[in-house]
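Order-wise, the sequence lines are chains A and B. Quick note on the numbering used here: the first sequence kicks off at 1 and runs consecutively. Quick note on the numbering used here: the second sequence kicks off at 1001 and runs consecutively.
Source of the hints: derived by calculation from the structure; they are not laboratory data. Glycine residues also receive a C-beta, built at the ideal position from the N, C-alpha and C atoms. Mixed in with the good hints, there may be bad ones.
[Claimed, not checked] Covered stretches of chain A, going by a simulated chain B footprint (3 or more residues, C-beta under 8 Å):
no. : region
1   : 18-31
2   : 37-44
[What the hints assert, rightly or not] Not close to chain B: a few residues of chain A, all C-beta gaps over 12 Å, as computed:
no. : residue
3   : Val4
4   : Cys13
5   : Lys14
6   : Ser15
7   : Glu52
8   : Ser54
9   : Lys55
10  : Asp65
11  : Lys66
12  : Phe67
13  : Leu76
14  : Thr78
15  : Ser83
16  : Ile93
[As the list claims (entries may be wrong)] As a list, the in silico DSS-like pairs of lysine-lysine whose alpha-carbon atoms are at most 27 Å apart:
no. : chain 1 : residue 1 : chain 2 : residue 2
17  : A       : Lys20     : A       : Lys66
18  : A       : Lys14     : B       : Lys1042
19  : B       : Lys1042   : A       : Lys66
20  : A       : Lys41     : B       : Lys1042
21  : B       : Lys1103   : B       : Lys1037
22  : B       : Lys1037   : A       : Lys41
23  : A       : Lys64     : B       : Lys1042
24  : B       : Lys1042   : A       : Lys20
25  : B       : Lys1103   : A       : Lys41
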Amino acid sequence: GAVVSQHPSWVICKSGTSVKIECRSLDFQATTMFWYRQFPKQSLMLMATSNEGSKATYEQGVEKDKFLINHASLTLSTLTVTSAHPEDSSFYICSETGTSEETQYFGPGTRLLVL
Amino acid sequence: GESVGLHLPTLSVQEGDNSIINCAYSNSASDYFIWYKQESGKGPQFIIDIRSNMDKRQGQRVTVLLNKTVKHLSLQIAATQPGDSAVYFCAEKAGYSTLTFGKGTMLLVSP
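Using the sequences and the hints, build the whole thing.
Following this line, the structure appears as structure tokens:
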């Protein structure tokens, strides 16, 4: 498997501010990490694939200028929600594949509430 | 955005019963499948996986069955315990594509 951590576990912010969420791979050098968003009672929706040293690949309908992804090292990827609005309130979860390159192992998630 | 009033399919069982959670997938090219367990407020936890060249795989108290003919996947949990209460997601993958998640099933285990 793989061990993934996220920070913070929850955050409350005012509308219009930016929030940065960190995703760390604790036991593996992850060249690829994934960012998901999950609304209550819904499934996980892939937002983007984060590639170390290059630009992230965003899914259709996800604004790259609003959800900034930086994967500057093999163990850290960050997601910044810029100019957050209440509709951005959600559960954000990152994952990485570890050595399997197929199975994805997920972090504990970050609950974002925008007031 | 959020869908007000959306309800997850729910399976309610008694402690000690066997549980079967089903998943239908649509992509006939999918060749790798995973079951995840997600407890409230936590990230999904890997349970078991299966490749398309198999039709059954067993883990500790769990068994995954794959029927490619009808594009159906199931997760069987033996002797279900209250700690098994969670939302269970199936996920599929075709080749080098990204994982696609199913809608999820909530399992409620009563003592």
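Cross-check of the supplied hints:
1. 18-31: Answer violated; 0 residues pass the 8 Å Cβ test.
2. 37-44: This one holds; 6 residues, not fewer than the three required, reach chain B with a Cβ under 8 Å.
3. Val4: Not fine: 8 Å to the nearest Cβ puts valine 4 of chain A too close to chain B.
4. Cys13: Non-interface label stands for cysteine 13 of chain A: nearest chain B Cβ at 18 Å, farther than 12 Å.
5. Lys14: holds (20 Å)
6. Ser15: holds (15 Å)
7. Glu52: At roughly 17 Å from the nearest Cβ of chain B, glutamate 52 of chain A sits farther out than 12 Å, so the non-interface label holds.
8. Ser54: Holds: least Cβ distance 16 Å, greater than 12 Å.
9. Lys55: holds (16 Å)
10. Asp65: The assertion about aspartate 65 of chain A holds, with a minimum of 19 Å to chain B.
11. Lys66: Check passes; 14 Å lies beyond 12 Å.
12. Phe67: holds (15 Å)
13. Leu76: For leucine 76 of chain A, whose nearest Cβ neighbour in chain B is about 17 Å away, the distance exceeds 12 Å, so it holds.
14. Thr78: holds (17 Å)
15. Ser83: holds (17 Å)
16. Ile93: violated (5 Å)
17. A:Lys20 / A:Lys66: Since the Cα atoms of lysine 20 of chain A and lysine 66 of chain A sit roughly 12 Å apart, the hinted pair holds (cutoff 27 Å).
18. A:Lys14 / B:Lys1042: holds (24 Å)
19. B:Lys1042 / A:Lys66: Within the cut-off at roughly 25 Å; holds.
20. A:Lys41 / B:Lys1042: Satisfied, since the Cα-Cα distance of roughly 13 Å is no more than 27 Å.
21. B:Lys1103 / B:Lys1037: Given pair lysine 1103 of chain B, lysine 1037 of chain B holds - Cα atoms ~13 Å apart, limit 27 Å.
22. B:Lys1037 / A:Lys41: holds (14 Å)
23. A:Lys64 / B:Lys1042: holds (26 Å)
24. B:Lys1042 / A:Lys20: holds (19 Å)
25. B:Lys1103 / A:Lys41: holds (9 Å)
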